[in-house]
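The chain contents come next:
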Amino acid sequence: MKGKPLKAVKVSFDPERCKGCGYCSFVCPKHVIGFSENFNSRGFHYAFLNDPEKCIGCGFCALMCPDIAIRIEVINKD
Amino acid sequence: MREWKEKIVMAGFGGQGIMLMGKLLAYAGMFEGRNVTWLPSYGPEMRGGTANCMVIISTGRIASPYIVEPSSIIVMNQPSLDKFEKAVKSNGLILVNSSMVNRAVERRDLKVFKVAASELAEDLGSVHVANMVALGAYVKVKPIVKIESLEKSLSSVLPVYRRDMLKLNRRALKLGFREALEVEGETS
Amino acid sequence: MKRFTRPRSMTDEMVPYCPGCGHGIAIRLIGEAIDELGIQGETIGIAPVGCAVRSWRLYRIDMMQAPHGRGPAVATGLKRALPEKIIFSYQGDGDSAAIGLAELIHAALRCEKITVFMVNNAIYGATGGQMAPTTLIGQYSTSYPEGRDPGLVGYPVKMAELIANVSRNSYSARVAVNNAKNVLSAKKAIVKAFRTQLNKLGFSFVEILSPCPTGWKMTPVESLNWIEKEMIPEYPLGEYSTPKNL
Amino acid sequence: MGEKLLMTGNEACGEAAIRAGCRFFFAYPITPQNELLEYMARRLPEVNGVFLQSESELAAISMVYGASAAGKRVMTASSACGIALMQEGISYLAASQLPCVIVDVTRAGPGLGRIAPSQSDYRQATRGGGDGDYNVIVLGPASVQEMADLTFLAFDLADKYRNPVMILADGMLGQMMEPVILPDPLNLDKLPMKPWALTGAKNRRRNLILAAPYTDEELIALNEELNRKYRAIKAREQLWENIYMEDAEIVVVAFGTSSRIATEAVENARREGIKVGMIRPVSLWPFPEKAFKGMDTSVKVYLVVEMNNGQMIEDVLLSVPDKSIVYHVGKGGGWRPTPRLIYEEIIKLWRRRLTI
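Chains as they are written, first to last, in the working numbering: chain A, 1 to 78; chain B, 1 to 188; chain C, 1 to 246; chain D, 1 to 356.
All clues stand as given, with none of them false.
Below 20 Å or equal to it, Euclidean Cα-Cα: the simulated PhoX-like pairs (lysine-lysine) are:
#1 K4(D) - K152(B)
#2 K85(C) - K200(C)
#3 K202(D) - K85(C)
#4 K5(B) - K140(B)
#5 K30(A) - K181(C)
#6 K194(D) - K229(D)
#7 K160(D) - K229(D)
#8 K140(B) - K152(B)
#9 K293(D) - K234(D)
#10 K85(C) - K194(D)
#11 K54(A) - K30(A)
#12 K54(A) - K10(A)
No lab work stands behind these hints, which were simulated from the structure alone.
Just chain A, same shape as in the assembly (with noise of 0.2 Å):
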């Protein structure tokens, strides 16, 4: 199971809500969120998936986020 998805999820990432803090990346157990080398319009280089093929779902980044700004949904069950 290591490494496969827990469940076939869609993350995305708010690029105008994202301060750029990067607790999402801290504590990414796979390492696949990076920072944009962009600004948003409030000057913060906002965070997003740089590899989702590797991301399992486990909503860590979510849980984690202080700005909401991280949305996960089940695409299908099982």
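Since the structure of chain A is provided, determine the placement of chains B, C and D on it from the hints.
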């Protein structure tokens, strides 16, 4: 009807029921359709020490409830006589609880009455009703309210936990009414 | 099926805090708990002074402000007036443990059926990083730049323990939001606190250890580690009191 | 109309509050307010109300803040230094436009002071000791009847303007007994609707009670709104009593307890044929400026009698016509004027009036 205003200061030591006798007199005054005010001395000075209250009964409007020059004083102990004798207005009245006051009134321009309120109360069964003996005596010598009005008002004024004392209080009022004595030509 | 989205009981407003501030996590967890318990229409929140005051913007529930430290007293007034509603006060550590200590302790002593959330970030954030009652020994602050010296200003206050000690049948817990596991436990504690109130059992209190990277002069990620290494040893996590029948 | 009862001012105030629909009372004991607190402690449970003795005046006024936000009629009471502690909450209530009634049974200050009756809180009440541009409606009763009537009125004014209202009494008014006819109790179901109240946002948009809006512009707008409200109160709610004013050439100005004492002096002077009258401000904020406007110009001399070092005199000076001469009799610290003292001042002014 003739206009009149009676300003009474009642004084004694804490526990003698000074506040209650003032309230009863004010209540009876209200019962008879008069304007009345009752003003206690209040706060820490009430505990222990001396206590006094001021009652005004009037046919007209009462402006200040605070009495500077009483027309009557009822003194239940000697310190109260010492404190208020000088203040009484000329031709005013002093009623003395002679059980607790050992000296004569010095002023010569007042009417002086006495009643052995504490002893009479003890004879009735409780020294606590000395206040009622004194008040009964007062309305005898200064009939600003009827003794019946005082009796009727008792049940409104006595605290709930003292209602069993109603009869005793009534008897004390009547006894005082009978026993008031004018002091004539007494010298100091 | 949606797995993780913004709680329904929250507005679409941007979270009005510095990057990495733990308030955003704590406020979201309270929103999630309100959703989960289905009490959005029954809940009234209080946001007193400090960083905590901004939380009123984030909830789609009736909210009011309170003078600094008086949240638990305002909550008492609300709860006595509306005993069937769920009343919570969301406060910082200066608010709860310094200026409002009396109001908090007395609400707890009276076993008011209210919930107080106290964000403990060991510093005064809104005013720029001065010492809080919760500041650790030796910790830098702008009012004591040499670090907190207990000989001068005493020791950090342990609020969760204190509340557990003074309030009969209360719920009192300390949680942290420095990693995913702790965030999950924090959520559970918040739900339990609300349940304590819903079941009219007693006072409920959750102390939330939370990062303040700006006040601590650290990067956000450094501040998560600092909670783990410095704060949790001083402020052990766990439940300090649980009401019977919860 | 009910029957005549003999009550203390503190009791009359408490009973009138209950009859006005007040079911919540939060307070901390302080002399000479205690009888009011004890009355509410005894009476509120009988009407399914809530009495709560708070841990401090800070907490008491904050509890008032909470219960008022919930849309309830709520009251607190304290005295002088206790009211000083409440200023924080009063400012918040004013900013949040929340109604409540606050009773100050004033004792003499400054600081702890002593429990003697005093009017030294006039400035604290009418100017407000809290922060910001706000006003509290202040009513100054002068009898036990007014302790009841003005308390009853206070709840209506508070709801009408969504503003705190203060009853400025003192130890004498609180402790004295007089006959009083109490207002008939209001039906709780007929109290004003409060759609702004916090009751849980079920099936409606959320309600917010904010003392601090989010932007500078919003706060300026709030201050403008408050100012419009205060101007409306000033225009509509001035209350005063004229006593012997028809032909008065000397006017005594006094409120509350000092007005009772001054009335006796005025009556005595009238018996001597002296043309003296009295204006008794009943609303202290708004100060009854209208009582002085359009005053016969023959009145040039005013004597302000206060149980303080001179506080209301500032409002009198702002209200009297040009060229008026305003004197003050008063001392702070629990000093009480005698009718004779005021009478003598009136006589002095009467003799000097032709040379003024």
